[in-house]
Each structure stands twice: as C-alpha cells, then as structure tokens.
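Enquirer: Sequence order for the protein chains is A and B.
Adding 2 to a residue's 1-based position in the first sequence gives its number in our numbering.
Adding 85 to a residue's 1-based position in the second sequence gives its number in our numbering.
Bear in mind the hints are in silico, worked out from the structure with no lab data behind them.
It cannot be assumed that every hint is accurate.
Said to hold, decoys possible - Here are the simulated distance ranges between beta carbons:
1. B:E532 to A:V331: 25 to 31 Å
2. B:S412 to A:I174: 52 to 58 Å
3. A:R139 to B:T161: 37 to 43 Å
4. B:L261 to A:F207: 29 to 35 Å
5. A:V331 to B:R516: 49 to 55 Å
6. B:S449 to A:F42: 38 to 44 Å
7. B:D230 to A:M332: 53 to 59 Å
8. A:G24 to B:N194: 46 to 52 Å
Glycine residues also receive a C-beta, built at the ideal position from the N, C-alpha and C atoms.
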Amino acid sequence: MARQTNGAEPPKNESRPGEGNGVVKILFKYNAVLLLVIMFIVACTLSEHFLSSGNLVNILRQQSTYMLVALGMLTVMLTGGIDLSVSSVVAVASIMVPYCLKIWGLQNEPWGLMVSIIIAVAMGFLFGAMNGFLIARLNMPAFIVTLAMMYAAKGVAYIITDANTILLDSNIPAVQVFIGFSTGRIGGIPYEVILMIILVVVFFFLMHYTGFGRLITATGSNEQAVQLAGINSRKYKFWAYTISGTLCGVAGLIIASRSGSATALTTQTNFDMTTIAAVVIGGASLKGGEGSVHMTVVGVFVLAVIGNIMNLTQLGVYPQLVVKAVIIVMAVLLKSVSSKASD
Amino acid sequence: MAEYEYAVEMSGIYKSFEGVHALEDVSLAVRPGEIHALMGENGAGKSTLIKVLSGAHQADAGTVRIKGVQTEIRSTRDANEKGIAVIYQEFALMPHMSVAENIFVDELNGKYHRWVDWKALNERAKDALEAIQFGDIDPRAAVKDLSVAYQQVVEICKALTRKSDILVLDEPTAVLTNREVDKLFELIGALKSQGAAIIYISHRLEEIFRISDRITVFKDGKYVDTVHTKDVNDKQLVNMMIGRDLASFFPARDERQKIGGVVLKVERVKAGKAVRDVSFELHEGEVLGLSGLVGAGRTETVRAILGIDALEEGKVWLNGSEVRLKSAKDAFDKGIGFLPEDRKNQGVLLRMQIKYNITFSCISKFTTFASWLLKKAETAFALEMREKVGIKTGNIRNLVSSLSGGNQQKVAIARILASDSKVLILDEPTRGVDVGAKMEIFKLINELIYQNYAVLLISSEMVEIIGMCDHAVVFREGRSVGKIRKEDLSEELLIHYAMGIGEE
Numbered sequence: 003m004a005r006q007t008n009g010a011e012p013p014k015n016e017s018r019p020g021e022g023n024g025v026v027k028i029l030f031k032y033n034a035v036l037l038l039v040i041m042f043i044v045a046c047t048l049s050e051h052f053l054s055s056g057n058l059v060n061i062l063r064q065q066s067t068y069m070l071v072a073l074g075m076l077t078v079m080l081t082g083g084i085d086l087s088v089s090s091v092v093a094v095a096s097i098m099v100p101y102c103l104k105i106w107g108l109q110n111e112p113w114g115l116m117v118s119i120i121i122a123v124a125m126g127f128l129f130g131a132m133n134g135f136l137i138a139r140l141n142m143p144a145f146i147v148t149l150a151m152m153y154a155a156k157g158v159a160y161i162i163t164d165a166n167t168i169l170l171d172s173n174i175p176a177v178q179v180f181i182g183f184s185t186g187r188i189g190g191i192p193y194e195v196i197l198m199i200i201l202v203v204v205f206f207f208l209m210h211y212t213g214f215g216r217l218i219t220a221t222g223s224n225e226q227a228v229q230l231a232g233i234n235s236r237k238y239k240f241w242a243y244t245i246s247g248t249l250c251g252v253a254g255l256i257i258a259s260r261s262g263s264a265t266a267l268t269t270q271t272n273f274d275m276t277t278i279a280a281v282v283i284g285g286a287s288l289k290g291g292e293g294s295v296h297m298t299v300v301g302v303f304v305l306a307v308i309g310n311i312m313n314l315t316q317l318g319v320y321p322q323l324v325v326k327a328v329i330i331v332m333a334v335l336l337k338s339v340s341s342k343a344s345d
Numbered sequence: 086m087a088e089y090e091y092a093v094e095m096s097g098i099y100k101s102f103e104g105v106h107a108l109e110d111v112s113l114a115v116r117p118g119e120i121h122a123l124m125g126e127n128g129a130g131k132s133t134l135i136k137v138l139s140g141a142h143q144a145d146a147g148t149v150r151i152k153g154v155q156t157e158i159r160s161t162r163d164a165n166e167k168g169i170a171v172i173y174q175e176f177a178l179m180p181h182m183s184v185a186e187n188i189f190v191d192e193l194n195g196k197y198h199r200w201v202d203w204k205a206l207n208e209r210a211k212d213a214l215e216a217i218q219f220g221d222i223d224p225r226a227a228v229k230d231l232s233v234a235y236q237q238v239v240e241i242c243k244a245l246t247r248k249s250d251i252l253v254l255d256e257p258t259a260v261l262t263n264r265e266v267d268k269l270f271e272l273i274g275a276l277k278s279q280g281a282a283i284i285y286i287s288h289r290l291e292e293i294f295r296i297s298d299r300i301t302v303f304k305d306g307k308y309v310d311t312v313h314t315k316d317v318n319d320k321q322l323v324n325m326m327i328g329r330d331l332a333s334f335f336p337a338r339d340e341r342q343k344i345g346g347v348v349l350k351v352e353r354v355k356a357g358k359a360v361r362d363v364s365f366e367l368h369e370g371e372v373l374g375l376s377g378l379v380g381a382g383r384t385e386t387v388r389a390i391l392g393i394d395a396l397e398e399g400k401v402w403l404n405g406s407e408v409r410l411k412s413a414k415d416a417f418d419k420g421i422g423f424l425p426e427d428r429k430n431q432g433v434l435l436r437m438q439i440k441y442n443i444t445f446s447c448i449s450k451f452t453t454f455a456s457w458l459l460k461k462a463e464t465a466f467a468l469e470m471r472e473k474v475g476i477k478t479g480n481i482r483n484l485v486s487s488l489s490g491g492n493q494q495k496v497a498i499a500r501i502l503a504s505d506s507k508v509l510i511l512d513e514p515t516r517g518v519d520v521g522a523k524m525e526i527f528k529l530i531n532e533l534i535y536q537n538y539a540v541l542l543i544s545s546e547m548v549e550i551i552g553m554c555d556h557a558v559v560f561r562e563g564r565s566v567g568k569i570r571k572e573d574l575s576e577e578l579l580i581h582y583a584m585g586i587g588e589e
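Pulled out of the complex, with its shape left as it was, chain A reads as follows (with noise of 0.2 Å):
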C-alpha cells in the first residue's frame, strides 16, 4: 500500500521544495519588483514622453496620496484585518479643512489654517479609532465594520458639504498657504512627494525596526497564539486600524490642498480597491503576519506606472480597468503560486 500523508500532520523534511533554489525563491518573493521593471521597459518602449522628468515627478505626486493610504492599509493588513472605508474617510478629512476655514471662518484668525489642518487629521483618527474600537474590543469582523464605516463617512460627507462645493476663495492668505502645499517645491521636488518619502521612512523603520512594528506582525501571524503569550493583541488592532484612519487624514489634506475646494464626490475615489491591490501586489498576505512596507512601495508604483502608461498611449478609461485588473489577478496568482511552492 502506498504511504501516504495526513492532511493535520504534514511530513516535515528538513530542506524544503522551494527553498532550494535560491534563484527561483528570490524571483518568487520579489516577483512586484521584477513586474515593476518589466511595467517600467515596456513604459519607456510605448512612450518617448515616459521618462521626461516632468512626467516622472508628476506619477510621484500623484501617487502621494495612495501611498500614504497604502501605508495605512499595510498595517491593517499585517495584522489581519482589512479597512474598506479608507476612500470615504479621506473624503470627510479633505472637506473638513475648505469647510473649517470657509464655513467656520477660520480663514481670518491668526492660527486658523493649523487649527483646521488638526481638524481634518483628527477626523481621520477618530474615525480609525472606531473602526479600531469596534474590531479590537469588540471582537466584530473588520470587513463588515470598516464597510460600514464607509457608508457612515460617506454620508457625514454629504451632510456636511450639503452635496455642494465649498470653493476656497484664493485671496485670502490662509488659503495662498494650503493651496502653496501642493504647488511648492523644493529643488525641483513637490512638497508632496517629500512628504510621502518621510512617512514612507518613517514607517519603513516603525514596520521592520520596533517592537511595535514586531507585533503587530506576530498579531496577524497568529493572534490567538501572541494572546496566549501573554500580550495584548487587542492594542495592537486599535492602534493599526487607528493609524490608517490618520493617515486617511493626511492624505485628505493633500487632496484638498490640491483642489481648493471640497466635494462628497472624492469619496468616489477607489483608494480601498486600489491601495489594498497594492499591498497584496507587494506580497501581503491577506491571512496578515506577512507583508512589508518597500515591497508595498513597489506595489503602489506598479499599479501607477500601469495606469500612467495607459494615460500616455491613451487608452480608454474602460480598458484600462480591465488591464489593472489583469495585472492585479496575475501577481496575485504569482503570489499563491510561490506560497505554495514553499510550503
């Protein structure tokens, strides 16, 4: 009779298929940066536009505000969790400055821009740390209440922007200054793109270089166990959910700042769709426990350069959702492909 294996107690030989080919594992586990290479050839072949230093700057600008959501999905992600009201949040935060300075007329007192820019940014948290409330104390599944949280930001949207257009009026300093954010630059380099490389530093050395960053990792590796051993799982939920609401925050600003106005209808912008691609591009694992901040970088210029490219050789926007969406389901498939080879 055949020997055959169990399926609770799998035989464990010590040297592992894919461990070892040292080729094929690093091709497999930095497959993003080998599709941003490939994205990036075939870009310089189908555009001479491509690599003009404007067109560059112009995909690291406009990627700032996916980053930083992007930054804020990862730690969900790591700890296992999902946050799907990321769009709407970045919504309700970008108005909150337009209608703090214009509706509120903070616009004409001396600290009036900072106090607004709290504001947004802790609307951001506040609505991650419900989000962090529910999950984590409450032990509810993050998928249905960060869905929630979608609808219940969306609506304070609305409701606060009455669905109209709060449009900033550019005489006035306060504005000149917010609106300055997303024009200035310093040596040749918006003050967005400095922004999105600080946080992505910050978080690359928060990620992989603290205790907090460990375990919030050990936290979506395995909670039941990391509870087990005695630490407080729960806090770490709270906090990752609570930092992707910031973030969102943020990012709100940056659209605002852009725009000059507010409107309900940025939270028609798929940042969840789009940032949690990224993430898994980069090798998260949706399981959580797995997953890092550069390959989540790799992943979010992936997608850019994709959508970039298309712009340039001008492809419709229907095609083009199409084409990500094969992208996506290809390096997903890679994914799987590889975890199963080492497993």
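Add chain B to chain A, keeping to what the hints say.
Expert: Chain B only, in chain A's frame:
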C-alpha cells in the same frame, strides 16, 4: 445469518506519522450482530485504527476485509458506500438545518431528484426515526434545538438510512445523562439484534461490561488481545492495558533538585461544565503532573486559573497571595509561563522567523526609546536560547514552519523561558513529537527544575507522568480525585483513579 464470519476484519495494520508508529501490526475482527469494545489508554491507537477503517487515514500496510471481501478504503465516501459509519463525539451535523435534511443530506445535491420533495423527505425521516423507536423527534426541528442525545440519534439514524451495517461509536456516552445512556443502549441493542456490527469505544468500564460481547485491547499502537467480556473482570482488563517497560527513557534527576515552598495553590476551582472541583499545590523546584483521560478537564482547569476562561468558584494563590488572574497577559505579567497544547494554532507563529518567535513575548527587553529594537541584542539572545533549549536549525531566521514538530515545540518553550516566568505550565509538551525530541524536552525540564522553576506538566501519557513528576494529581470528569507521590506512582494507580475503579 450471513455467509461470512466477520463483518470487519483488519489484520496487520501499520500506520506511522512522521516516523512515529501509531499502529504496529494491529488486528481487529468484528462479527455481525456483535458489540465489540475497543479499549486502551490515550494514544493507544484506537482512534487511528478507526480513522483507517473510515477512510480518513490510509494504512501504510495491512489488509482490510469487509464482509469477507478484501478491500481498500480510500476515502470516507468509500467507507460509507461499504456500509461503514463512524459516529464521532463531535457530530458531523449541520446545526441550523432540520433533522430530515440532516438525515438525507446526501440526497439534497440533486443527484437523485432535481427538486426536493420536502413532504416526502420529512415523512421518510419520520419513518426512519420511528423504526428505531425515536418517533418523538420532529423531522422538521432544527438539529441545534435538540438535546445532545437526540443529536446522536439523528447521527445514528443518518448512518442507518445509508444502509450502514457497520457502526462505530466513539465515546458516545461522554456527553449524555444516565437516562439518555439507557435509551442509547436500548437502541444499540436493537441494532445488534438486527445483525449490525458495532464497534464501541469508551473509557467507562461499567458500560463496556454492560453492553459489549467481546473486547479488544490496544497498547502503544499494538494489539494486546481480544477477549470475551464474560471471561474477564475490570482488574484483568486494566492489567492488559498497562505494564510497559519505562527503561531508562527518562533522564534521572540528581541532588541539584531542591523542592521549596508552595508557589501556586489552587483550591476547589470550578469553571463551566468541564471543571467541577479541582485542588492542587505546586511547589518550587518540582514537577507536578496533571494526569487523566482526554476530556477530564485538565486543560480547562489551567485556562480557568489563568483567566483565559471564566473562573466561577474557588481560590488561587500565587506566591502566597491570593490572585484572580484576568487574562493570559495578566498571568504572564505575574510570572506564569503557559505552553498551550495546540502547538500549531496556539503555541508558535508558524509563518514567522524562529528568532521573532523566541523574542516576541518579551520584546520590551530589546527595545529602547520609542520602541526602537536593538536587533543585535535580540539576535544574540535568540542564539543563546537556541543553544539552551537545543533547537536544531542552521539559521534562526528560518520560518518556524520549516522545523520538525519537536523543534517547533522547543521554540515555544524558548519563548516562555525568555520571559522571567518562574512558574511554567506545560500542556502536553511532547504531543506529536518524536522520541528523540521528547528525551530532549524532558532533559530541559530537569534543567529548569534545578534552577528552581516550578513546572506544572499536563500529560495524557501515563509513562510521562510516572517518569517526570514528583507529584501527580489525577483528574476524572472535572474533579481532582487523587494525589499520588512519586514513590507510589504506577500506571495501575493512575488508571484506577482516572477510571474510578477500586477507590478508597
């Protein structure tokens, strides 16, 4: 009655997991119209054999004859088609669906009829239930609303409607009241007289004497004997189940061991259904064993003491002061290290590095301002722990999933040693671990004892309790029923307490 002598005839069955023999040359023969009891300690191989019979496991070697015909059972579906039905302690019922739907679940997939005739289905279920004298069960009722005993009846009824005439009952009475047991036995008796072959697994001796015709005893995955129930008494039966040579399997303890004062005292603890009345004392520098049959409430007791599950009554003292622990974190903060029994789901983080697994529970030892990690110190510490507990790996950055079971367990032990806990609760530390690694874990426990740790060792293997413990407390049905000193420890005594025979 039939043209074959045995309904089930298994012979020369071998099965091993990861090089550990679970079954070695095991045989079992059951006649039609017979109730055949399977006996043996925890881990003697009863469940493994049943899993082979039901197609859940495939044997490495051996022959199986069903009703005189040699066959190979490749899947549970295969087993069903051959008329074999296993009723486990945990039922395979769909709680939210009706009794009738559960009984005829395999007809609902549209294979026989495109449309389900609910009225006919309910009537057939009613007939089937009446045929076994349980006509009072409403076929329309949701299974979750039935008592556990009735759920079991539904499970049996399901097996019978599939024309199963080989019925395996795994500890069927564990969750039943006395009256329900009587009713179940009536049903089993009726099935027997209809010619069904019934394999009955139970730890309760009185039940076995009450209903079985013959008994087969296993020990350590080996076949011991098959006897007629009327020819043996309980003492003889117990003697068949025990008595193996301990040899020099357990490392001897030397004079470095010094047993000190009481560090953990538990008095009359009660929690849920599983823990009814438990008391024990754990001294510094000793190994206290918690022995008993699977399901006797040992793990549940520990979980209640640690505050993972609610503690309803009773008192717990830690280092002389009364405490009521609120959570695993609380216990950890007060210096109790806990190694859970389910290694893969509760003990280690399989998808993380060995290094991270060792340090995560005391990560604050390796962080400075703003939670910044001192990676060099962490690595040095992890390497030190690797040496101390003897984890066999070339690189502590490998994932834990790449290790063997024994080495995974050592990682988990290293993790609880990394914190400053002096009281260690080890729940089945050697489960699913090969013999070599078992030895190493025992040696490690000895080393800890010399360093004045106090170890509470939960083990279902009596040899381990006898070989390792300075004291043992035996659990039976949620109660601590016996306290035995090292000098008096014997399998006979343990099994007597655990099964409740010859109590003083």
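Enquirer: Indicate, hint by hint, whether the structure satisfies it.
Expert: These are the hints, each one checked on the structure:
1. As the Cβ distance of B:E532 to A:V331 is approximately 53 Å, the hint placing it in 25 to 31 Å is violated.
2. Separation of B:S412 from A:I174 is about 54 Å and conforms to the stated range, judged on CB atoms against 52 to 58 Å.
3. Roughly 41 Å separates the CB atoms of A:R139 and B:T161, a value that falls within the hinted 37 to 43 Å.
4. The hinted window of 29 to 35 Å between B:L261 and A:F207 is violated, with their beta carbons roughly 59 Å apart.
5. Between A:V331 and B:R516, the C-beta spacing of about 41 Å breaks the proposed range 49 to 55 Å.
6. Distance hint for B:S449 and A:F42: a CB-CB separation of about 43 Å, consistent with the stated range 38 to 44 Å.
7. The hinted window of 53 to 59 Å between B:D230 and A:M332 is violated, with their beta carbons roughly 48 Å apart.
8. For the pair A:G24 and B:N194, the supplied restraint of 46 to 52 Å holds, since their beta-carbon distance comes to about 48 Å.
This entry does not satisfy hints 1, 4, 5 and 7, going by the numbered hints stated previously.
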